[in-house]
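Novice: Those protein sequence lines, which keep their order, are chains A and B.
Residues 1 to 257 (our numbering) are what the first sequence spells out, left to right.
Residues 258 to 738 (our numbering) are what the second sequence spells out, left to right.
Accuracy of the hints is not assured; some may be wrong.
[To be verified] Calculated cross-link-like contacts (lysine-lysine; reagent style DSS-like; alpha-carbon spacing at most 25 Å):
#	chain 1	residue 1	chain 2	residue 2
1	B	Lys444	A	Lys173
2	A	Lys166	B	Lys363
3	A	Lys173	B	Lys377
4	A	Lys151	B	Lys345
It is worth saying that the hints were derived from the structure and are not from the lab.
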Amino acid sequence: MVFQSRSTWAWPYALFMLCLVILPLVLIGVYAFTDANGSFTIQHFVSFFTKSEAVNTFIYSLAIALITTIICLLLGYPAAYIMAMADFKTPQVMAMLFILPMWINFLLRTIATVELFRMFGLPLGEGALLFGMVYDFLPFMIYPIYNTLQKMDTSLIEAAHDLGAKRHQVFLKVTLPLSAPGIYSGIVMVFMPTVSTFAIAELLTHNKVTLFGSLIQRCFGEGGIAMWNYGAALSLIMLIIIGLTSFFGGDKEDINR
Amino acid sequence: MQKSDFIIEVNHVSKQFEDGKFALDDVSLQIKKGEFVTILGPSGCGKTTLLRCIAGFQVATEGDILLNGEDVTTMPPHLRDVNTVFQKYALFPHLNVFDNVAFGLKLKKIDKKVIEKKVKQALKTVGMTDYEYRDVDSLSGGQQQRVAIARAIINEPEVLLLDEPLAALDLKMRKDMQMELRAMHKKLGITFIYVTHDQEEALTLSDRVVVMREGKIQQIGTPTDVYNEPQNCFVADFIGESNILDATMVKDKVVNFCEHDFECVDKGFGEDTEVDVVVRPEDIYIGERRLGEEAKGKDSPWQLHGEVQSCIFKGVHYEMTVMIDEGYELMIQDYHAFDPGTKVGLLVKPEDIQVMKKEHLCNTFEGEVLEDNRVKFLDEEWDIPERVAERFEVGEEVEVEVDFNRVNLQDDEEDGILCGEVYFILYKGDHYHLTVRTDDGDDIYVDTNDVWDDGDRVGIRIAPSYIRLYKKEVKGRPEGL
Chain A
1 MVFQSRSTWA
11 WPYALFMLCL
21 VILPLVLIGV
31 YAFTDANGSF
41 TIQHFVSFFT
51 KSEAVNTFIY
61 SLAIALITTI
71 ICLLLGYPAA
81 YIMAMADFKT
91 PQVMAMLFIL
101 PMWINFLLRT
111 IATVELFRMF
121 GLPLGEGALL
131 FGMVYDFLPF
141 MIYPIYNTLQ
151 KMDTSLIEAA
161 HDLGAKRHQV
171 FLKVTLPLSA
181 PGIYSGIVMV
191 FMPTVSTFAI
201 AELLTHNKVT
211 LFGSLIQRCF
221 GEGGIAMWNY
231 GAALSLIMLI
241 IIGLTSFFGG
251 DKEDINR
Chain B
258 MQKSDFIIEV
268 NHVSKQFEDG
278 KFALDDVSLQ
288 IKKGEFVTIL
298 GPSGCGKTTL
308 LRCIAGFQVA
318 TEGDILLNGE
328 DVTTMPPHLR
338 DVNTVFQKYA
348 LFPHLNVFDN
358 VAFGLKLKKI
368 DKKVIEKKVK
378 QALKTVGMTD
388 YEYRDVDSLS
398 GGQQQRVAIA
408 RAIINEPEVL
418 LLDEPLAALD
428 LKMRKDMQME
438 LRAMHKKLGI
448 TFIYVTHDQE
458 EALTLSDRVV
468 VMREGKIQQI
478 GTPTDVYNEP
488 QNCFVADFIG
498 ESNILDATMV
508 KDKVVNFCEH
518 DFECVDKGFG
528 EDTEVDVVVR
538 PEDIYIGERR
548 LGEEAKGKDS
558 PWQLHGEVQS
568 CIFKGVHYEM
578 TVMIDEGYEL
588 MIQDYHAFDP
598 GTKVGLLVKP
608 EDIQVMKKEH
618 LCNTFEGEVL
628 EDNRVKFLDE
638 EWDIPERVAE
648 RFEVGEEVEV
658 EVDFNRVNLQ
668 DDEEDGILCG
678 EVYFILYKGD
688 HYHLTVRTDD
698 GDDIYVDTND
708 VWDDGDRVGI
718 RIAPSYIRLY
728 KKEVKGRPEG
738 L
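Extracted from the complex, chain A is given alone in its bound form (with noise of 0.2 Å):
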């Protein structure tokens, strides 16, 4: 019988990702490739590296992902490390604690934030931004980062302890390498979504700031659909270097295992 064999059962599967990835894949190639008649033209790719604009607004973007995810990483670790390390009887708790807010969407989240800053009369801006990015994306590093250093071998930290290593030393020696991993697929998870995000930063800057994620969407939008094609050419550069990115990661966690 057809049915019996299991990759029958991939089929739907396969088909979904047909439309909704491949497809799609496919359509932005196509479109950032052709201009609004339909031809060939590389005229996309050339206009977004003439314009200083774009490329302010792209390499502007790679830096706040990139100073979100360092802050998110600075506080994320140390929460991590004092959850898995730590002889709560319930780290669950506090892992849950810093999880909770995972369960409200993170548009009604960015809201409310808006509303705390008018509250306390603080400006909004790019350090609103950066505030709200972190909040929004910090538990994606502290969870992968506590699964790891929770999975730790304690018997690890007590022969490091036992051959000499002072707590400063253990952790430098022994507990970040052995964590490196969980680091990693921290950062992917920040870096990733930040390089792209735009709804956080219309809504704490006001659409003062301009992210790269903000100028597809703009594209695609507001510029009705003659700018179809250049916002599918912004979407392939993003796709390459969040892949690129995501390529060189990849082996490095590789090297861990």
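Position chain B relative to chain A; hints supplied.
Specialist: Frame of chain A, contents of chain B only:
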């Protein structure tokens, strides 16, 4: 500070966990420089906790630990001159063999060339030359174990602690590593403290064996001492095979068991004292009775007479159970096989009988007399006969005694006044001696002919007429029965 003869001194160390349970209970132990000491016991006996207290991973709640005469009770592990070989090796997965072994030296900021030389030397000691740049995950269990040992000895510690280092290896590998560990101990000349639950391993490796149970040291002695002269039933039962029997010390050098007086070498137990005896199965001489040897008593050349019940080939020897005429079952090991049904005679030499003081003669509890012919002990109320109750005032504190064979165990927990769990079983030839631990953690000893398993949940009952009460101060005549 005065230098001591001992490299390690453990003085009255107790370790109590947060839940109130004692992992170590007043443990004292002295270890000489260069000794190979094994801490032996079943899981949960506190042996690993003791090792971890010496290593510094755990801090004793009471008592102190001296290393080379210096108090190290609360000293963190990285300052102690001891190194540990962990049960699951605990090699650093992100470092190769060389960096794992060099870990301790690199922390000390020693010259690179010296480190390289020492690492090579250490790897040579454990037979792992040429493995320097291998990934630790690519090594077999035995090889990882060797690297772990090399990593621990490279710091040239005064004491090497080994926490069941061979537990994860297969039997053949384990035997090989045992021999190598012994050789390494000789070569390095440092003190080894070795934790294991494997009695054979302990006997093979050590200069001295420390037998532990429930956080307490049961016996410390050379392997031959603990095997030939166990101090109590637990040690006798845990180490090797043994026949443990109830006996009476008739007078010095004469002990009665299996309804027969035996000459023995022990004295000082007093006259007509109840004791336990241990006779190892290989120490009983067995022979077929011929026609002329049917006679018993003084005419028989044999001490005990019986019939072979079963005979199993064990490789080097045969293991037989013999039911002797007086109704006791004995285990015997001999190079010769005797078929089941064979009438045999048995002989035991005086020096092969080990006499041990009984830890308990009967169950004793503290109790309080209540109204309506009841007495309270073990936090439960028990019925007692009216004639016993009327000799005491209500509220009077009394001592309660119950004989081992008068405690009744029920399959169904609901049927008992008290619930407990069977947790230690000793076969005594014609009956089982059980230790039943109640849910409150009290022990009740039970003699029974019924077969129970370790961990069985039981209901405990005691018939009113078998509960004996004594006045608290002067223990006089029994007021019960």
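Novice: Given the hint that A/Lys166 pairs with B/Lys363, test it: the Cα-Cα distance must not exceed 25 Å.
Specialist: Cα-Cα ~13 Å, so holds.
Novice: Could you grab the alpha-carbon distance between A/Lys151 and B/Lys345 and see if it respects the 25 Å cut-off?
Specialist: Since the Cα atoms of A/Lys151 and B/Lys345 sit roughly 15 Å apart, the hinted pair holds (cutoff 25 Å).
Novice: Within a Cα-Cα threshold of 25 Å, do A/Lys173 and B/Lys377 meet the stated pairing?
Specialist: OK: A/Lys173 and B/Lys377 at ~22 Å, within 25 Å.
Novice: Checking one constraint from the list: CA of B/Lys444 to CA of A/Lys173, max 25 Å. Satisfied?
Specialist: violated (31 Å)
Hint compliance for this structure: hint 1 is the single one not met.
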